[in-house]
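With the sequences and hints as input, model every part of the structure.
In case you want the letters, here they are:
2 protein chains.
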Amino acid sequence: MNYRNLALLTDLYELTMAACYFELGMFEPASFSLFIREYPPNRRYFVSAGLADVLSYLEELSFTPDDLEYLQKTGLFKKEFLDYLKKFRFTGDVYAIPEGRLFFSNEPLLEIRAPLIEAQLGETFIINALNLQVMIATKASRCFHAAWPRKLIDFSLRRTQGIDAGLKVARACYIGGFIGTSNVLAGKIYGIPVFGTMAHSFITCFQREIDAFRAFARVFPENSVLLIDTYDTINGAIKAAEVGREMNKEGKRLKGVRLDSGEMSELSQKVRKILRESGLTETQILASGGFDEYKIKAVLDGGGDIDSFGVGTKMGVSADAPYLDMAYKLVDYGGRPVLKLSPGKMTLPSEKQVFRFYSKGGKLEYDVIGLREDRFEGAEPLLLKVMEKGKVTLKLPALDEIQKVFLEEFSLLDEKFKSIEPSEERYPISVSPSLNHLKEEIITRIRKDELGES
Amino acid sequence: MNYRNLALLTDLYELTMAACYFELGMFEPASFSLFIREYPPNRRYFVSAGLADVLSYLEELSFTPDDLEYLQKTGLFKKEFLDYLKKFRFTGDVYAIPEGRLFFSNEPLLEIRAPLIEAQLGETFIINALNLQVMIATKASRCFHAAWPRKLIDFSLRRTQGIDAGLKVARACYIGGFIGTSNVLAGKIYGIPVFGTMAHSFITCFQREIDAFRAFARVFPENSVLLIDTYDTINGAIKAAEVGREMNKEGKRLKGVRLDSGEMSELSQKVRKILRESGLTETQILASGGFDEYKIKAVLDGGGDIDSFGVGTKMGVSADAPYLDMAYKLVDYGGRPVLKLSPGKMTLPSEKQVFRFYSKGGKLEYDVIGLREDRFEGAEPLLLKVMEKGKVTLKLPALDEIQKVFLEEFSLLDEKFKSIEPSEERYPISVSPSLNHLKEEIITRIRKDELGES
Numbered sequence: 001m002n003y004r005n006l007a008l009l010t011d012l013y014e015l016t017m018a019a020c021y022f023e024l025g026m027f028e029p030a031s032f033s034l035f036i037r038e039y040p041p042n043r044r045y046f047v048s049a050g051l052a053d054v055l056s057y058l059e060e061l062s063f064t065p066d067d068l069e070y071l072q073k074t075g076l077f078k079k080e081f082l083d084y085l086k087k088f089r090f091t092g093d094v095y096a097i098p099e100g101r102l103f104f105s106n107e108p109l110l111e112i113r114a115p116l117i118e119a120q121l122g123e124t125f126i127i128n129a130l131n132l133q134v135m136i137a138t139k140a141s142r143c144f145h146a147a148w149p150r151k152l153i154d155f156s157l158r159r160t161q162g163i164d165a166g167l168k169v170a171r172a173c174y175i176g177g178f179i180g181t182s183n184v185l186a187g188k189i190y191g192i193p194v195f196g197t198m199a200h201s202f203i204t205c206f207q208r209e210i211d212a213f214r215a216f217a218r219v220f221p222e223n224s225v226l227l228i229d230t231y232d233t234i235n236g237a238i239k240a241a242e243v244g245r246e247m248n249k250e251g252k253r254l255k256g257v258r259l260d261s262g263e264m265s266e267l268s269q270k271v272r273k274i275l276r277e278s279g280l281t282e283t284q285i286l287a288s289g290g291f292d293e294y295k296i297k298a299v300l301d302g303g304g305d306i307d308s309f310g311v312g313t314k315m316g317v318s319a320d321a322p323y324l325d326m327a328y329k330l331v332d333y334g335g336r337p338v339l340k341l342s343p344g345k346m347t348l349p350s351e352k353q354v355f356r357f358y359s360k361g362g363k364l365e366y367d368v369i370g371l372r373e374d375r376f377e378g379a380e381p382l383l384l385k386v387m388e389k390g391k392v393t394l395k396l397p398a399l400d401e402i403q404k405v406f407l408e409e410f411s412l413l414d415e416k417f418k419s420i421e422p423s424e425e426r427y428p429i430s431v432s433p434s435l436n437h438l439k440e441e442i443i444t445r446i447r448k449d450e451l452g453e454s
Numbered sequence: 001m002n003y004r005n006l007a008l009l010t011d012l013y014e015l016t017m018a019a020c021y022f023e024l025g026m027f028e029p030a031s032f033s034l035f036i037r038e039y040p041p042n043r044r045y046f047v048s049a050g051l052a053d054v055l056s057y058l059e060e061l062s063f064t065p066d067d068l069e070y071l072q073k074t075g076l077f078k079k080e081f082l083d084y085l086k087k088f089r090f091t092g093d094v095y096a097i098p099e100g101r102l103f104f105s106n107e108p109l110l111e112i113r114a115p116l117i118e119a120q121l122g123e124t125f126i127i128n129a130l131n132l133q134v135m136i137a138t139k140a141s142r143c144f145h146a147a148w149p150r151k152l153i154d155f156s157l158r159r160t161q162g163i164d165a166g167l168k169v170a171r172a173c174y175i176g177g178f179i180g181t182s183n184v185l186a187g188k189i190y191g192i193p194v195f196g197t198m199a200h201s202f203i204t205c206f207q208r209e210i211d212a213f214r215a216f217a218r219v220f221p222e223n224s225v226l227l228i229d230t231y232d233t234i235n236g237a238i239k240a241a242e243v244g245r246e247m248n249k250e251g252k253r254l255k256g257v258r259l260d261s262g263e264m265s266e267l268s269q270k271v272r273k274i275l276r277e278s279g280l281t282e283t284q285i286l287a288s289g290g291f292d293e294y295k296i297k298a299v300l301d302g303g304g305d306i307d308s309f310g311v312g313t314k315m316g317v318s319a320d321a322p323y324l325d326m327a328y329k330l331v332d333y334g335g336r337p338v339l340k341l342s343p344g345k346m347t348l349p350s351e352k353q354v355f356r357f358y359s360k361g362g363k364l365e366y367d368v369i370g371l372r373e374d375r376f377e378g379a380e381p382l383l384l385k386v387m388e389k390g391k392v393t394l395k396l397p398a399l400d401e402i403q404k405v406f407l408e409e410f411s412l413l414d415e416k417f418k419s420i421e422p423s424e425e426r427y428p429i430s431v432s433p434s435l436n437h438l439k440e441e442i443i444t445r446i447r448k449d450e451l452g453e454s
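For the protein sequence lines, the chains are A and B, in the order given.
Residues in the first sequence are numbered consecutively from 1, following our numbering.
Residues in the second sequence are numbered consecutively from 1, following our numbering.
None of these hints come from the bench; they were simulated from the model.
Keep in mind that a hint or two might mislead.
Which copy? The list can't say, so a pair holds if one copy fits it or any two copies do.
[Claimed, not checked] Below, a list of computed lysine-lysine pairs in the BS3-like style, where the Cα atoms sit at most 25 Å apart:
1. Lys78 / Lys255
2. Lys416 / Lys297
3. Lys151 / Lys188
4. Lys418 / Lys404
5. Lys79 / Lys416
6. Lys395 / Lys295
7. Lys79 / Lys252
Structure follows, in structure tokens:
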């Protein structure tokens, strides 16, 4: 995607508020904090993903003459403000939890400090990028957990919500433990391994199913995964096995078969038997069709004999939780820490840090959300400075490195927080005494000033 | 979005199948049909949307040297095939139900006839584009139905699944009856009216809430919608009314207030009373925060006194149905009509047409899915030829025109199919005798040839 021309990809109010700040001369530094209020159903952790896009966006953010002409035509903005936008660049600092790390509800994933307008203007894009990618990396990690040690491939592109989602989903699910994607453009852009089999249309193009199998095996002798459910899965497996034996005679090997419908636990066992009886012990069984963490678990609990899963739509849109309760809130303006009191939406004031504590065995034990300047011995501060004065300061790791970060930390999280089922377990998080104190102080002040309470 | 470089935005199997067809010399014309198998929960119709993107994509589809270099590096493709891709263009015909029209389950929304590889290759993008936009236009129409005659504005951009979705959602919900969007880029690209209010951060930037209200009203005297729930909604309404009275004295008018949290039925009545008592009879109440068709209905049924709704996340991701069961299936190859028998996924063979029958009063009465060459007196054929030999042949209507098409046809659909609640009602659809006959013929042939039945 091209991030050079996304300045207008924003809610109108970001620009009207900015115009107001401009006219009132409100240019003091502001701090905003991004966090997720509540866990979606059955989740008890989040996987950080999407930071790379946010940093590119902030580095490139500027208004084209075309953009300014459109804004002028809306009739909402004065010339002086449009002149200001003409030279607009983001010059602030960003702290963030790196991609691949685990984090928990109410923990700041990202904090921005910049002159008020600069810190405000990116809100819409920043939430858009992080909401999607954290949601998908988290969903993918649940599939990874349910399927382990079996392999997972992203098959979601046709039903991701748009093409940008198609790319970001491929990247985010790779972070969350997938081994590859069917999405060729994601393969090209991100260097993710690409995988593919064949569609039912390939089978129906041929007079007979076995003709289709033979044709594909001839063109891709090293890479044939035959789709066997077009007419009848067992019948298809028998034909695939026949083609597999023919390949063996020529010194080739049938890489796999794909099941795409029906009751997979039983079917996969029967198909395995057919393959074994033909001596095709290395031929893999790939299953696809409506899989997510719940169906993976159900099919495996039912005795499914499957080597890998093509996981599509339900992962690609995070179907059971298609959005996060993610917010980007002002926490400090001009050195004055602030918060909002709206029911169910209260925020933590000031610039913060998340401190992670480990057990003696190296496992994740608990987190403390504190003020940025808090210090706790033996704790790891999770937010790193990733951008200073508008320039990226932390070398962004390669995607494989990010996946490694995830795999490593996920292995250190207690199983009870990884369960895909409903549970009352919550990872232990507390608020530091200094942050709590500040929050209470501000609430008292608001109650007095705004609501007339004493 | 730039559709010139989306040739690789496809599942790898589209390309491996194409390589196979190329090597086998399978260039005969194929027909594919796109349809939605099942209604998502509580839906009983769909709104056509997304065709414009599909046609742009097909017109522009080509492989860049960069794309071909990547494909070559995968090691999967022979030079001859890559040379073929170098000159690849889509040269086929497309029939489709125009945007804004209503259609129903199993009805072909789009049919493509082209040399096999050309007809196959676009599958992933075509489903991606239509799945999202039909889903959102349909969801939006449900919000429109629940809110009517109140106005709806798209507030979803921050939590749409990516930036392409952000744009397509703004367009699709406009088709489905929304009056505008907060998404400035969508406003610029599609000419959709843009709307905005203010964020909580705007309020908290100021020492006091009323300072924020006064500042905004001064900069936007014609366009101030004040957000009143940052600390306490009733308290905020009293302050907004004070600012409204101040504006009246200067000959200005407070455009509106926005509620964003709390129990909206009761709150909106109380806020209305406060506004009325201040003589602010023209000041509108806009409600936002977790709205979809269900919450709109609940708040209005509860006596909510609201003029317009900002509808965000749940519409923008179609939260209760975040994907459609949309498929793109081969229905004819080389003059041989085909289908697949996979359990629950059987298809209708051959090129088709949808015939719409109207009652004497002009209401939608029933549809017949038939063969393309079927003729029914008094019926309207819904699929129009929109592309011939790779060139768009039907002038694409402006977005306002498409919305009019929707509004007109939606008014002709019986209320029982529009209900947002669960219901057993289904719009009457039948399959023509000639299509049914063809389908039975092919099933008999497959049972005999593939499954050895007699």
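Taking the hints in turn, this is what the structure says about them:
In the homo-oligomer, the alpha carbons of Lys78 and Lys255 lie at most 25 Å apart only across protomers (20 Å), although the nearest pairing inside one protomer, at 65 Å, exceeds that limit. In this assembly of identical chains, Lys416 and Lys297 lie within 25 Å of each other by CA distance solely inside one copy; the values are 16 Å within and 39 Å between copies. Taking CA atoms no more than 25 Å apart as the test, Lys151 paired with Lys188 passes inside one copy only; the shortest distance there is 21 Å, against 44 Å between copies. In this assembly of identical chains, Lys418 and Lys404 lie within 25 Å of each other by CA distance solely inside one copy; the values are 18 Å within and 49 Å between copies.
Neither within a single protomer nor between protomers do Lys79 and Lys416 lie at most 25 Å apart by alpha-carbon distance, with minima of 58 Å and 52 Å respectively. Proximity of Lys395 to Lys295 under the C-alpha cut-off of 25 Å is found in neither arrangement, the shortest distances being 38 Å within a copy and 45 Å between copies. Within a single copy, Lys79 and Lys252 get their C-alpha atoms only as close as 71 Å, which misses the 25 Å cut-off; across copies the closest is 22 Å, which meets it.
Comparing the model with each earlier hint shows violations of hints 5, 6; every other hint is respected.
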